[in-house]
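**Student:** The chain contents come next:
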Amino acid sequence: TQLLEQSPQFLSIQEGENLTVYCNSSSVFSSLQWYRQEPGEGPVLLVTVVTGGEVKKLKRLTFQFGDARKDSSLHITAAQPGDTGLYLCAGDRGTYKYIFGTGTRLKVLA
Amino acid sequence: GAVVSQHPSWVICKSGTSVKIECRSLDFQATTMFWYRQFPKQSLMLMATSNEGSKATYEQGVEKDKFLINHASLTLSTLTVTSAHPEDSSFYICSAATDGYTFGSGTRLTVV
Chain H
-7 TQLLEQSPQF
3 LSIQEGENLT
13 VYCNSSSVFS
23 SLQWYRQEPG
33 EGPVLLVTVV
43 TGGEVKKLKR
53 LTFQFGDARK
63 DSSLHITAAQ
73 PGDTGLYLCA
83 GDRGTYKYIF
93 GTGTRLKVLA
Chain G
132 GAVVSQHPSW
142 VICKSGTSVK
152 IECRSLDFQA
162 TTMFWYRQFP
172 KQSLMLMATS
182 NEGSKATYEQ
192 GVEKDKFLIN
202 HASLTLSTLT
212 VTSAHPEDSS
222 FYICSAATDG
232 YTFGSGTRLT
242 VV
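As given, the protein sequences belong to chains H and G, one line each in that order. At position 63 of the first sequence the residue is numbered 55 (the working numbering), and the sequence of numbers has no breaks. Plus 131 on top of the position in the second sequence (first one is 1) and you've got the working numbering.
Chain H on its own, in the form it takes in the complex:
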């Protein structure tokens, strides 16, 4: 059973456009993380959110944790080709046992 659904699954946009990726669940998580993965490599942690309603910014990336800690979003402003990759959310089920979302594959065209 996949606990974390991401949308969209695929996204192809032009450089300079904005986009939002959503991560939704019916379960409550104590914390949630976002990762970016490039082909043939392991995922790299972008951010961890732990408080309901929390908003974190990482340069052009804005992350939000839902008030009920069941969902999260990632917003990218003025996307660049370097943002291309697979974006994964991951929810903490306890004791660092994270469950990963279905993934969003982003391609930014120059």
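Quick caveat, the hints were computed from the structure, so don't treat them as lab data. For clarity, every value in this text was computed on a predicted model and none was experimentally measured. For glycine and all other residues, C-beta sits at the position ideal for the given N, C-alpha and C. It cannot be assumed that every hint is accurate.
With a Cα cut of at most 27 Å, we get these calculated DSS-like pairs of lysine-lysine [as the list claims (entries may be wrong)]:
#1 K99(H) <-> K48(H)
#2 K186(G) <-> K89(H)
#3 K99(H) <-> K51(H)
#4 K195(G) <-> K89(H)
#5 K172(G) <-> K99(H)
#6 K89(H) <-> K151(G)
#7 K48(H) <-> K89(H)
#8 K62(H) <-> K89(H)
#9 K62(H) <-> K186(G)
#10 K172(G) <-> K89(H)
#11 K151(G) <-> K195(G)
#12 K172(G) <-> K197(G)
#13 K197(G) <-> K89(H)
In silico contact screen, one side only, chain H against chain G (beta carbon under 8 Å); selected entries [stated by the list, open to error]:
#14 Y14
#15 T40
#16 I91
#17 F92
#18 G95
DEER-style ranges, computed between Cβ atoms [as the list claims (entries may be wrong)]:
#19 A70(H) <-> N201(G): 46 to 52 Å
#20 S22(H) <-> T162(G): 17 to 23 Å
#21 P171(G) <-> V36(H): 17 to 23 Å
Once you've looked at the hints, dock chain G against the given chain H.
**Tutor:** For chain G alone, kept in the frame of chain H given last:
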């Protein structure tokens, strides 16, 4: 920062043979490591939790006898795919709990 080293990066083996994948924490001790499997263009699926000095905990549907996990020290966990078959071909990734997860670089296994 924390580094997890995973070897080999890729391996091709014949059907019926066994393959061992190593995952090492280089500058920290990891009492718990996690093994994931990832099919092309899909997300990571947790296979098992590797605990130093004790038996691994496997997720539902993962065959314990096929995917042998050993975590004999605080810096090394190994995953052995026994009697590999083409359907076991996948990208296997380990991780250790640090501030979030630190992932290894993954191992692409191809069984021919």
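**Student:** Check the structure against each numbered hint from earlier and tell me which ones fail, lowest number first.
**Tutor:** Structure breaks hints 9, 14.
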